[in-house]
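Visitor: The lines below spell out each chain.
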Amino acid sequence: MILLDTREFDHPLPLEMAIKRFKNLSEDEVLHMIHRREPLPLFEIISKNGGRYLSIREDENLWHIYITRSENVKLEHPYV
Amino acid sequence: MFNGLSLDQAPPLSVVIRFFITVPVFGILLSLIIFFNPHEVLIPTHPISLASIHLMFLGVITMSMFGALFQMQSVLGGRPIPSALGNAFLIHLFLVIGILSLCGAFIFSLPELFIIASIFLGASILYCANLILPLLFGGTPHDTLRGMRLALIALALTAVLGIVMASEYANSSFSSVHEAVRTSHYSFGLIGWIAALIIAVAFQVIEMFYVTTPYSSWCKRNAFRIIAASLLLKVLWMFTHLPYSWMFDLIVGALLSGFIFTTSKRLNQRKRRVSDVSIWFWQSGMVLLSLAILTYGAFIGSGYDALQSVALIAFALFALAVILGMMGKIVPFLVWFHLSSAGYMDAPIMSNIIPAKRAKGVFALFAITSVTMIGGVFCLESLLIGAIVGGGMFGLLLLNLIHALRLYRDTLIHGKRFG
Chain A
1 MILLDTREFD HPLPLEMAIK RFKNLSEDEV LHMIHRREPL PLFEIISKNG GRYLSIREDE
61 NLWHIYITRS ENVKLEHPYV
Chain B
1 MFNGLSLDQA PPLSVVIRFF ITVPVFGILL SLIIFFNPHE VLIPTHPISL ASIHLMFLGV
61 ITMSMFGALF QMQSVLGGRP IPSALGNAFL IHLFLVIGIL SLCGAFIFSL PELFIIASIF
121 LGASILYCAN LILPLLFGGT PHDTLRGMRL ALIALALTAV LGIVMASEYA NSSFSSVHEA
181 VRTSHYSFGL IGWIAALIIA VAFQVIEMFY VTTPYSSWCK RNAFRIIAAS LLLKVLWMFT
241 HLPYSWMFDL IVGALLSGFI FTTSKRLNQR KRRVSDVSIW FWQSGMVLLS LAILTYGAFI
301 GSGYDALQSV ALIAFALFAL AVILGMMGKI VPFLVWFHLS SAGYMDAPIM SNIIPAKRAK
361 GVFALFAITS VTMIGGVFCL ESLLIGAIVG GGMFGLLLLN LIHALRLYRD TLIHGKRFG
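Residue numbers (our numbering), protein chains in the order written: chain A, 1 to 80; chain B, 1 to 419.
The hints are simulated quantities; they were obtained by calculation from the structure and are not laboratory data. Since the model is a prediction, treat every value here as computed from it, not as a measurement. Warning: the hint list may mix true and false statements.
Stated by the list, open to error - Below are the SDA-like pairs computed for lysine to any residue, each with C-alpha atoms no more than 20 Å apart in a straight line:
#1 A:Lys-20 / B:Lys-271
#2 A:Lys-20 / B:Lys-360
#3 B:Lys-416 / A:Asp-10
#4 B:Lys-416 / A:Asn-24
#5 A:Lys-23 / B:Ala-342
#6 B:Lys-360 / B:Leu-401
#7 A:Lys-20 / B:Ser-351
#8 A:Lys-48 / B:Leu-13
#9 A:Lys-48 / B:Pro-12
#10 A:Lys-23 / B:Lys-271
#11 B:Lys-416 / A:Asp-59
#12 A:Lys-20 / B:Arg-417
#13 B:Lys-416 / A:Gly-50
#14 B:Lys-271 / A:Lys-48
#15 B:Lys-271 / A:Asn-24
#16 B:Lys-360 / A:Asp-10
#17 A:Lys-23 / B:Asn-352
#18 B:Lys-271 / A:Pro-78
#19 A:Lys-48 / B:Ser-351
#20 A:Lys-20 / B:Ser-245
#21 B:Lys-271 / A:Glu-8
#22 A:Lys-20 / B:Lys-416
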């Protein structure tokens with residue numbers, strides 16, 4: 001699991017940081033992004049480029065996003 | 001709540017860029033007019049002054065705001081603009097022809113050009129309002145969308161009043177309510193269209209871009225109601241010749257002062273204190289808006305004409321500051337976003353699309369232009385320097401936009417696709 005906490009970064013840097021890591025993900029790796037809002041544009045880029053994601057809202061300004069390129073890895077949030 | 005950019009809804013890059021890239025071209029033309037006619041530009045009722053004012057407010061400010069509207073409607077409204085490519089092409093073309101005709105009509109005193117300008121500007125603005133306005137109703141309620149509605153309605157009214165005035169100029173015959181029409185025209189244009197749209201944008205981007213606390217919900221809910229009510233009552237007062245119409249200016253001035261205070265406070269208390277040119281532009285914009293309010297208030301009190309000129313120039317520069325700041329942020333994002341979503345692995349990173357050095361260059365030239373243009377009201381040499389530096393600023397902006405587009409095109413042609 002690769003952790004990426006982007007809560008303190010100005011938009012749109014978090015999207016760029018997440019996509020950079022997404023491109024370098026190996027087959028079974030999962031990227032865990034923590035962000036202050038739901039990054040909808042990111043989901044579209046990931047979906048259109050063969051990736052999958054799970055987006056969980058923990059609080060008003062706290063989102064957990066799990067991203068993988070694998071079709072087999074199960075995406076889950078530990079507290080759900 | 002729908003709060004992000006949806007690729008399926010987002011218009012093609014060319015829809016937005018065609019408006020943005022025209023901005024520096026009109027900016028350079030404006031700089032040339034000021035440079036070669038400094039005396040005339042400073043006389044508020046002189047035709048060359050009127051041409052310059054319209055070149056700034058239509059060619060530079062409205063042109064960029066139309067591009068932004070096409071993007072924002074898709075982003076926030078969640079409903080795509082139908083046939084965005086074709087509609088943007090027509091609206092942009094009509095706007096360009098209309099602006100050139102209007103400026104030509106003022107400069108060469110040609111009545112026929114006023115008629116052509118009325119047709120094309122009216123067509124462009126009313127068509128744009130008619131296209132986008134219905135999409136802003138009926139969806140998810142959003143404070144920024146409310147501001148966009150008010151801005152578009154005010155713009156349409158500005159255009160209608162402008163057409164009335166253009167027909168007066170074409171016939172060289174002015175009605176008894178000409179002054180009321182003129183005041184309503186610039187009040188709707190400056191406050192209803194420009195200020196309202198900038199406030200609407202600020203409500204959305206300040207929090208999102210700079211990780212600040214959100215604006216208060218009271219402020220977001222009521223700002224546009226107060227602006228709309230003040231403008232309508234002011235127009236009613238003007239047409240019925242009632243006294244004390246300045247009290248509505250006072251209300252708008254108080255609201256804008258509140259906007260400056262809350263925005264500056266948020267920018268100063270942002271969580272991540274990283275240097276960013278777009279923040280400098282927002283901060284400069286707030287200083288310029290404060291100057292515009294103070295000098296306009298002083299003009300109302302004293303009747304000293306130079307203060308009115310300072311207020312107008314400062315207001316235009318405030319809008320330009322926000323536009324330049326947002327353009328520098330949005331253009332790299334759109335280029336990166338469209339390339340990344342199309343699967344290009346080697347899409348350039350945003351900081352390389354408009355390099356920081358060049359973005360800072362635009363800001364430095366903007367700062368010098370602001371000081372010299374405002375100083376130019378009192379010293380002609382300063383105005384000449386302002387025109388030269390302003391031309392340079394728009395030239396650099398044009399180069400930055402061309403550089404971004406070139407990177408986009410090169411990646412499309414030579415880039416490696418993902419997967």
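Visitor: Now tell me, hint by hint, if it's right for this structure.
Guide: Each hint, compared with the structure:
no. : hint                  : in the structure
1   : A:Lys-20 / B:Lys-271  : 24 Å, violated
2   : A:Lys-20 / B:Lys-360  : 26 Å, violated
3   : B:Lys-416 / A:Asp-10  : 28 Å, violated
4   : B:Lys-416 / A:Asn-24  : 14 Å, holds
5   : A:Lys-23 / B:Ala-342  : 13 Å, holds
6   : B:Lys-360 / B:Leu-401 : 14 Å, holds
7   : A:Lys-20 / B:Ser-351  : 14 Å, holds
8   : A:Lys-48 / B:Leu-13   : 18 Å, holds
9   : A:Lys-48 / B:Pro-12   : 16 Å, holds
10  : A:Lys-23 / B:Lys-271  : 29 Å, violated
11  : B:Lys-416 / A:Asp-59  : 38 Å, violated
12  : A:Lys-20 / B:Arg-417  : 14 Å, holds
13  : B:Lys-416 / A:Gly-50  : 15 Å, holds
14  : B:Lys-271 / A:Lys-48  : 33 Å, violated
15  : B:Lys-271 / A:Asn-24  : 29 Å, violated
16  : B:Lys-360 / A:Asp-10  : 18 Å, holds
17  : A:Lys-23 / B:Asn-352  : 19 Å, holds
18  : B:Lys-271 / A:Pro-78  : 28 Å, violated
19  : A:Lys-48 / B:Ser-351  : 24 Å, violated
20  : A:Lys-20 / B:Ser-245  : 57 Å, violated
21  : B:Lys-271 / A:Glu-8   : 7 Å, holds
22  : A:Lys-20 / B:Lys-416  : 14 Å, holds
Violation of the numbered hints given earlier is confined to hints 1, 2, 3, 10, 11, 14, 15, 18, 19, 20; the remaining hints are satisfied by the structure.
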